[in-house]
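**Q** Take a look at the letters that make up each chain.
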Amino acid sequence: MNLFKQVRKEPLWQDEFSIHASDERYVSRRQFTKFLVLTSFGMFVGNVWILMRSLLSRTSVLPEQKICSSSQVPVGGVWLFRYPTEKDPCILIRPDDQTYVAYSQKCTHLSCAVYYAREKNRLECPCHEGYFSVRNGDVLQGPPPRPLPRVMLERRGDNLFAVGMAVGKET
Amino acid sequence: MFGYEFYVDPSRCIGCQSCLNACAECETHRGTPMIHVDFLDRHNSIATVPFVCMHCDDPTCAKVCPADAIKKTEDGVVQSSLKPRCIACSNCVLACPFGIPKMMTELEQMMKCDMCYDRTSEGKRPMCATVCPSQALAYVPRGQIEQTRREKPTNVFFFGKQRVTTKVFMMVPPQTTDVSIDVVDYMWETNHESV
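Protein sequence lines, in the order shown, are assigned to chains A and B.
Offset between the first sequence (1-based) and my numbering: plus 54.
Offset between the second sequence (1-based) and my numbering: plus 977.
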């Protein structure tokens, strides 16, 4: 392969589609610089896009939604519902008389459905034995990387309303 | 093999077709010879001429290829078409002034003599040159051909206005310096104007 390619007086297309096998793999300094500049520009645009998306998505407001009346859930019982959309299963737990907590039912590891283990007072994922605290959704053991997203609850009279989600930080 | 060149001497060809059969034994294109052994004027003469690819310095076949499939390597050998690229359009077959490329319709690919690239790149002689009994096809150093032959090697051809220089040499009478062929003179229409 020539170390320095001779400057040819042929049209550009003949230079691009050379009949010489060695020119197939030859990358000129200008081509390489173009590649670097274009890729860096692409990276920059991608980063700006990600930044804009994360900035804009913070303003999203979740709808309020009635879950059930507080008397429908017995102490130590659960109530399954969907929030904020039909594709997001959640679980409402009443560990004692005055406490109501609700979490997303999707395990943060591989999205298996978690259930409430009453005798241990924790949320358990049966797939890989990931356990979550009922108090705040933190990971107690197992592979899940994040706490369970918590559903913010509000009590209005006898009814329980979901008013938002709180996403835990990655540990 | 530094200094070795390919020499074609049509006057020595005896038409034995050894080169055809030796070429056809190659593993890369078994059963299909890449050499042409043509009768010059079969009606009047038994003279034959062997034709390997002349490996032009500026190969017409590669220049007309619309798929960028024919490549010339650093050592001046024009290779067969690249299988992934060849679109079997036969442009090269029509364009080559020597009529060398062969369209393998069953493979949908053009194949041609590549001077036994697997052999010559390792320092061996091409298959045809090793078997030719009269050395009409010879792969020898320049000095040897000048000592042993009366004819003179040339690699300059004129096809009408197109000047073609090649890697392979053709042995011509000593007083000539190039091979000039006015293509139109050989066309059937010119000789049969009354038709």
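Among the hints, a few may not be true.
[Said to hold, decoys possible] Not the full set, but computed from the structure, chain B residues with beta-carbon under 10 Å of chain A:
1) D1035
2) P1036
3) K1040
4) A1065
[To be verified] With a cut-off of at most 30 Å between alpha-carbon atoms, the simulated DSS-like pairs for lysine-lysine come out as follows:
5) B:K1040 with A:K88
6) B:K1101 with A:K63
7) B:K1101 with B:K1138
Derived by calculation from the structure, the hints in this document are not laboratory data.
Note that the structure is a prediction, hence the values are computed from the model and not measured.
From the three backbone atoms N, C-alpha and C, an ideal C-beta is built for every residue, glycine too.
**Q** Classify the hint on A1065 (chain B) as holds or violated, based on whether any CB of chain A lies nearer than 10 Å to its CB.
**A** This interface hint is violated because 18 Å lies over the 10 Å limit.
**Q** Answer holds if the nearest beta-carbon of chain A is closer than 10 Å to that of K1040 (chain B); otherwise answer violated.
**A** holds (6 Å)
**Q** For K1101 (chain B) and K63 (chain A), compute the direct alpha-carbon distance and say whether it is at most 30 Å.
**A** violated (37 Å)
**Q** Holds or violated: K1040 (chain B) and K88 (chain A), Cα atoms, limit 30 Å.
**A** holds (28 Å)
**Q** Mind checking the CB of P1036 (chain B) against every CB in chain A and telling me if the closest is under 10 Å?
**A** holds (6 Å)
**Q** Is the straight-line distance between the alpha-carbon of K1101 (chain B) and that of K1138 (chain B) 30 Å or less?
**A** violated (36 Å)
**Q** Verify the interface restraint on D1035 (chain B): the C-beta must sit less than 10 Å from at least one C-beta of chain A.
**A** At about 8 Å, which falls below the 10 Å cut-off, the nearest Cβ of chain A leaves the hint on D1035 (chain B) intact, so it holds.
Comparing the model with each earlier hint shows violations of hints 4, 6, 7; every other hint is respected.
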